[in-house]
Each structure stands twice: as C-alpha cells, then as structure tokens.
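Keeping their order, the protein sequence lines are chains A and B. Take 1 as the starting number for the first sequence in the working numbering and just add one per residue. Take 363 as the starting number for the second sequence in the working numbering and just add one per residue.
Since the hints were made in silico from the structure, they are not lab data. Possibly wrong hints are sitting among the right ones.
[What the hints assert, rightly or not] The list that follows gives simulated cross-link-like pairs (lysine to any residue, SDA-like), each with its CA atoms no further than 20 Å apart:
{"no.": "1", "chain 1": "A", "residue 1": "88", "chain 2": "B", "residue 2": "439"}
{"no.": "2", "chain 1": "A", "residue 1": "46", "chain 2": "A", "residue 2": "36"}
{"no.": "3", "chain 1": "A", "residue 1": "310", "chain 2": "A", "residue 2": "246"}
{"no.": "4", "chain 1": "A", "residue 1": "88", "chain 2": "B", "residue 2": "390"}
{"no.": "5", "chain 1": "A", "residue 1": "157", "chain 2": "B", "residue 2": "442"}
{"no.": "6", "chain 1": "A", "residue 1": "157", "chain 2": "A", "residue 2": "243"}
{"no.": "7", "chain 1": "B", "residue 1": "415", "chain 2": "A", "residue 2": "74"}
{"no.": "8", "chain 1": "A", "residue 1": "88", "chain 2": "B", "residue 2": "521"}
{"no.": "9", "chain 1": "B", "residue 1": "415", "chain 2": "B", "residue 2": "521"}
{"no.": "10", "chain 1": "B", "residue 1": "415", "chain 2": "A", "residue 2": "88"}
{"no.": "11", "chain 1": "A", "residue 1": "74", "chain 2": "A", "residue 2": "246"}
{"no.": "12", "chain 1": "A", "residue 1": "88", "chain 2": "B", "residue 2": "501"}
{"no.": "13", "chain 1": "A", "residue 1": "310", "chain 2": "A", "residue 2": "157"}
{"no.": "14", "chain 1": "A", "residue 1": "88", "chain 2": "A", "residue 2": "182"}
{"no.": "15", "chain 1": "A", "residue 1": "157", "chain 2": "B", "residue 2": "434"}
{"no.": "16", "chain 1": "A", "residue 1": "310", "chain 2": "A", "residue 2": "278"}
{"no.": "17", "chain 1": "A", "residue 1": "84", "chain 2": "A", "residue 2": "157"}
{"no.": "18", "chain 1": "A", "residue 1": "78", "chain 2": "A", "residue 2": "310"}
{"no.": "19", "chain 1": "A", "residue 1": "157", "chain 2": "B", "residue 2": "521"}
{"no.": "20", "chain 1": "A", "residue 1": "340", "chain 2": "B", "residue 2": "521"}
{"no.": "21", "chain 1": "B", "residue 1": "415", "chain 2": "A", "residue 2": "130"}
{"no.": "22", "chain 1": "A", "residue 1": "157", "chain 2": "B", "residue 2": "438"}
{"no.": "23", "chain 1": "B", "residue 1": "415", "chain 2": "A", "residue 2": "207"}
{"no.": "24", "chain 1": "A", "residue 1": "88", "chain 2": "B", "residue 2": "393"}
{"no.": "25", "chain 1": "A", "residue 1": "340", "chain 2": "A", "residue 2": "227"}
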Amino acid sequence: MSTLSTWLVADATLLQQVISALLRIGVVLAALLGLALPGMVYFERKISAWIQGRLGPNRVGPFGLLQVLADGIKLIFKEDLAPKRAVKLLFLLGPAFSFLPTFMAMAVIPFGFYQAADGMAMPILIADVDIGVIYLLAVASLAVYGILIGGWASSNKYTLMGGLRSSAQAISYEIPLGLSVIGIVMLAGSAKLGDIVAAQESIWFVFPAHIGFWVFFICIFAETNRLPFDLPEGETEIIGFHIEYSSMKFATFYMVEYAHMILGSALSALLFFGGWELLPWYTWNDLAHLTGWDFYGVLWFIPSLWLVAKIALFLFVFIWVRWTLPRFRYDQLMSFGWTKLLPVSLINLAVVAVYMIWTMKG
Amino acid sequence: MSPQLFLDILTYSAMSLTVVLSIVVVSARSPIFAALCLITSLLTAAVLFVLLKATFIAAAQVLIYAGGILVLFIYILMLLGVESSLWRRRQKIILVALFLLMFVAGLLPLSLLFGPAADIMSTSVADDFGTIRGFGSLLLQQYAFAFEIISVVLVAVIVGVVYLTRKKSR
Numbered sequence: 001m002s003t004l005s006t007w008l009v010a011d012a013t014l015l016q017q018v019i020s021a022l023l024r025i026g027v028v029l030a031a032l033l034g035l036a037l038p039g040m041v042y043f044e045r046k047i048s049a050w051i052q053g054r055l056g057p058n059r060v061g062p063f064g065l066l067q068v069l070a071d072g073i074k075l076i077f078k079e080d081l082a083p084k085r086a087v088k089l090l091f092l093l094g095p096a097f098s099f100l101p102t103f104m105a106m107a108v109i110p111f112g113f114y115q116a117a118d119g120m121a122m123p124i125l126i127a128d129v130d131i132g133v134i135y136l137l138a139v140a141s142l143a144v145y146g147i148l149i150g151g152w153a154s155s156n157k158y159t160l161m162g163g164l165r166s167s168a169q170a171i172s173y174e175i176p177l178g179l180s181v182i183g184i185v186m187l188a189g190s191a192k193l194g195d196i197v198a199a200q201e202s203i204w205f206v207f208p209a210h211i212g213f214w215v216f217f218i219c220i221f222a223e224t225n226r227l228p229f230d231l232p233e234g235e236t237e238i239i240g241f242h243i244e245y246s247s248m249k250f251a252t253f254y255m256v257e258y259a260h261m262i263l264g265s266a267l268s269a270l271l272f273f274g275g276w277e278l279l280p281w282y283t284w285n286d287l288a289h290l291t292g293w294d295f296y297g298v299l300w301f302i303p304s305l306w307l308v309a310k311i312a313l314f315l316f317v318f319i320w321v322r323w324t325l326p327r328f329r330y331d332q333l334m335s336f337g338w339t340k341l342l343p344v345s346l347i348n349l350a351v352v353a354v355y356m357i358w359t360m361k362g
Numbered sequence: 363m364s365p366q367l368f369l370d371i372l373t374y375s376a377m378s379l380t381v382v383l384s385i386v387v388v389s390a391r392s393p394i395f396a397a398l399c400l401i402t403s404l405l406t407a408a409v410l411f412v413l414l415k416a417t418f419i420a421a422a423q424v425l426i427y428a429g430g431i432l433v434l435f436i437y438i439l440m441l442l443g444v445e446s447s448l449w450r451r452r453q454k455i456i457l458v459a460l461f462l463l464m465f466v467a468g469l470l471p472l473s474l475l476f477g478p479a480a481d482i483m484s485t486s487v488a489d490d491f492g493t494i495r496g497f498g499s500l501l502l503q504q505y506a507f508a509f510e511i512i513s514v515v516l517v518a519v520i521v522g523v524v525y526l527t528r529k530k531s532r
C-alpha cells in the first residue's frame with residue numbers, strides 16, 4: 001500500500017522539474033519547427049537559385065518569404081495517398097520513426113552557457129546526461145528504421161531497394177562517424193557536449209583532429225542523405241524509399257532531412273569548432289576583461305548567437321555542396337565508406353593519441 | 363506525484379513492457395513484427411539500465427543491438443520477402459490491443475505486490491559507476507584479460523566472415 005500513499009503526497013520539486021523539462025523541450029521544438037526548418041527551406045531555395053543564376057522564390061510575400069508557408073499549406077491539403085498493398089500501420093509509422101530519433105538527439109545539444117549559483121559556467125540544454133555524445137550516436141542510429149520500415153511497408157520493390165540502399169549507406173557511414181567522435185571524446189576527456197566545448201577554450205579540436213573533422217563532415221553528408229550521397233533522390237535511378245509517400249508524410253521525411261542537417265552542423269560546430277567559444281586564441285573571458293561586458297550574465301545570448309552563426313555557416317556549406325557536386329554511384333559510395341573513410345578515421349585516432357601523449361610531455 | 367512513485371511507474375512499466383514484448387517476439391507469426399518487438403524490448407531494457415544508473419551500458423545496448431544488429435535482422439527478413447499478408451490479418455490488431463492491456467493491467471498489481479522499486483535507486487554505488495570512465499577503467503584494469511580474449515574472438519569472427527564472402531563471389 002506504500003505506493004498508494006505516496007501517490008497522494010504531492011511533491012513540488014518533481015513537478016517543477018517536469019514542467020521545466022517540458023518547457024525546455026517546447027522551446028527547442030518550437031525554435032526548430034517554427035524557425036529553423038522553414039528558414040532552411042527558404043535559404044536552400046534562395047542559395048540554389050543564386051548558384052544557378054536564378055531569382056528563386058520572389059512572388060509570395062516580401063522577398064518570397066511566405067513561399068515556405070504557402071508550400072506547407074499546399075502539402076497539407078494535398079491528397080494523402082497510400083498504396084493499396086501497403087502495410088498500413090508501418091506505412092504510417094515510417095515517417096514517425098525517422099522523425100523521432102532526430103528530435104530526441106537534439107536533447108543533448110547545448111545552445112550556450114549561463115552562470116550557475118556557484119560561479120561555474122553551465123551549458124544551456126534540455127538534458128545534461130553523462131554519456132552525451134554516445135547517447136546522441138545511439139539515438140541517431142535508430143533513424144535507420146524510419147527509412148527501412150517506410151521502404152518496406154510501401155510494398156513496392158523500388159521503395160524496398162531504395163530503403164535498403166539508404167539504410168546500408170547510413171549504417172556504413174555511422175562507423176567512421178563514431179570513430180571520429182571518439183577522437184574528440186579522447187581529447188576532451190568527457191562525452192558531455194558542454195565539457196567538450198569547455199575543453200576547447202585553449203585550442204579548437206579541429207586543429208589536433210582535423211583528419212577526424214573531414215571524416216566527420218563527409219559522414220554527416222552521408223547520414224543526412226544529401227548530395228553527393230543523395231541516392232534516394234537520384235533522377236537517373238529513382239528508387240528512393242519515400243516515392244510512395246505523399247502529402248504531409250512526404251513533408252515529414254523532407255523536414256527530417258533538414259533537421260538532420262541542423263543536428264550535423266551543430267555537432268560540427270560544437271565538437272570541432274569550439275562551440276560558442278569566440279576565436280581559437282581569444283575567449284569570451286578575454287573580451288569581457290577588455291570591454292567589461294558581462295557575457296555570463298545579461299549578455300548570455302551573445303555566445304549563443306555566435307554558436308548559431310557557426311551552425312549557419314556549416315548549413316551554408318551543406319547547401320553549397322548540394323548544388324555544386326555530382327552524385328556518387330552506389331558501389332563507389334560503399335567502397336569509399338569502407339575502404340577509404342574507415343582506415344582514415346582509424347589513422348585519425350592514432351594521430352589524436354600521439355598528439356595527447358606529446359602535449360602531456362610538454 | 364512524488365519522485366518515488368514516478369520512479370516506480372517508470373521501472374515497472376519498463377519491466378512489464380520488456381517481458382510482454384519478449385513474449386510477443388517468440389509468439390508473433392510475422393517475422394517483421396517479431397523483429398520490431400525485439401527492437402522495442404531492447405529499448406525498454408535500456409531504460410532499465412538507465413534506472414540502475416548504468417548509463418553507458420544503456421547507450422551501448424541501443425547503439426550496438428538496436429542500431430546495428432537488429433538492422434541486419436530486418437534486412438534479411440525484408441530481402442527474403444516474408445509475406446506482408448501475415449501482418450494484415452486482424453489478429454495482429456488483437457495482439458497489439460492485448461499487449462497494451464497487459465501493460466496497463468500488469469503495472470498496478472506488480473507495484474502493489476512488490477512495493478517501491480526505487481530501493482535499488484537508494485543503494486549506494488561508487489561515484490563513477492556506470493559512467494564511461496568507471497566502465498572503461500573496470501574493463502581495462504580488472505577485466506583486461508577477458509576483454510582482450512573477447513577482442514581476439516571478434517577479430518577471428520570478422521576474418522572468417524571476410525573469407526566466406528570472398529569465396530562466394532569468386
């Protein structure tokens with residue numbers, strides 16, 4: 001009966017914790033769905049137009065800003081078709097399975113820091129778990145199921161082959177991705193993203209682990225199914241896992257791709273480019289001493305904006321690459337992942353280890 | 363709601379879910395459905411690991427089993443073309459309903475029978491228990507020999523697999 005009695009005892013701290021966690025999740029979700037994802041779609045179209053010497057969306061609203069909204073409304077009101085032979089429940093769950101892990105992974109991404117009561121700089125994030133990056137890799141590895149299940153449940157041999165290809169690509173590139181992240185965990189001595197950024201105050205990890213950075217960045221392109229790895233969209237051999245999806249279900253896959261890009265860019269900035277640190281040789285502390293501005297108190301949002309600027313830079317590179325490079329053939333893609341990236345990522349681990357021993361002596 | 367009860371509900375739901383899902387894995391007629399239930403039961407087992415403060419094991423469980431090995435299971439099942447018609451029979455819906463019912467019905471009696479689950483939670487453990495640091499030092503100091511043996515076995519398996527697949531392609 002002990003549990004029944006405890007049921008009746010209200011505990012304010014737990015309620016506070018739950019509400020604060022829900023609030024943080026809500027803020028991150030709202031910022032992503034309301035601002036970052038539509039913004040990404042808009043800028044993808046504008047930058048691609050710029051690269052190809054076109055104007056891009058410019059009719060709906062000022063500078064075509066409302067085009068994204070118009071497209072969204074169009075997608076919602078499109079007919080939601082499902083193939084007759086599709087496995088209904090799994091067909092429905094496919095987009096959800098790819099949507100959930102990506103957004104769950106956002107829980108450990110810090111967006112800046114604040115000063116706690118004891119004077120320590122604490123990262124601003126949803127959940128500060130000890131295993132940080134490992135959690136992120138674990139959760140992100142589940143996104144494969146959305147692709148697999150979506151492709152299989154459509155009961156179409158083209159979607160099945162497309163799903164198998166995309167997921168084979170994703171799990172192949174996960175290995176060099178994980179290995180390059182392990183180099184960073186070695187350098188920082190912690191898997192918490194907040195600690196990793198704090199460890200980069202003296203030197204950004206892109207310098208000791210720059211091989212790792214290239215491996216990581218290439219793998220992120222493969223994980224997000226972006227060009228030059230966007231076989232699901234290949235016009236010459238269209239067998240994407242999502243070809244049977246229409247309306248909002250398709251839009252979900254579409255949004256997940258952008259959410260993945262944001263996640264990948266945020267990770268590149270946090271793991272390799274010092275997160276919210278100002279410059280490799282100049283920290284916010286130095287600037288605070290110089291100007292007397294309080295970056296830990298009132299001006300806490302400036303380092304966060306700096307991080308956002310870094311993320312935006314990486315997102316630009318994503319778009320730039322997409323509209324510049326041609327596409328891999330499937331066998332090239334697999335042999336590149338297994339025979340080039342994997343050994344290079346192991347070399348990176350050795351380089352990082354040697355660097356650590358070398359700096360320990362000095 | 364007290365933290366104690368919150369933990370109880372979490373623990374018991376993860377436990378009963380793991381058990382129920384495991385039963386479904388061996389009894390389901392559709393292989394794909396069984397594989398999906400296996401993934402979900404691995405995830406609920408990971409929740410149990412987290413509740414026992416073994417966070418690294420939980421993440422490794424998800425990363426290796428759910429994110430790696432089970433993907434290959436599903437691969438094979440999909441490539442074999444196991445009939446999707448099995449899924450469409452009404453009994454699958456009944457199975458899902460039954461499973462939800464068992465979950466809800468199992469939770470309360472269990473928690474009443476066995477009392478608070480969080481006794482485990484209050485048991486004191488070392489500070490770095492279950493963290494990457496603690497796990498790593500345990501693995502590479504106390505159990506270094508067993509760890510190396512397992513590595514050798516794994517390398518042997520990989521070499522064997524490479525050999526087998528090569529032979530086939532010739």
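Right, here's what the structure says about each hint:
no. : hint          : verdict
1   : A/88 x B/439  : 18 Å, holds
2   : A/46 x A/36   : 15 Å, holds
3   : A/310 x A/246 : 34 Å, violated
4   : A/88 x B/390  : 18 Å, holds
5   : A/157 x B/442 : 12 Å, holds
6   : A/157 x A/243 : 11 Å, holds
7   : B/415 x A/74  : 47 Å, violated
8   : A/88 x B/521  : 41 Å, violated
9   : B/415 x B/521 : 36 Å, violated
10  : B/415 x A/88  : 38 Å, violated
11  : A/74 x A/246  : 12 Å, holds
12  : A/88 x B/501  : 46 Å, violated
13  : A/310 x A/157 : 41 Å, violated
14  : A/88 x A/182  : 40 Å, violated
15  : A/157 x B/434 : 18 Å, holds
16  : A/310 x A/278 : 10 Å, holds
17  : A/84 x A/157  : 14 Å, holds
18  : A/78 x A/310  : 36 Å, violated
19  : A/157 x B/521 : 33 Å, violated
20  : A/340 x B/521 : 19 Å, holds
21  : B/415 x A/130 : 11 Å, holds
22  : A/157 x B/438 : 15 Å, holds
23  : B/415 x A/207 : 35 Å, violated
24  : A/88 x B/393  : 17 Å, holds
25  : A/340 x A/227 : 18 Å, holds
The structure fails hints 3, 7, 8, 9, 10, 12, 13, 14, 18, 19, 23 (numbered hints given earlier, in ascending order).
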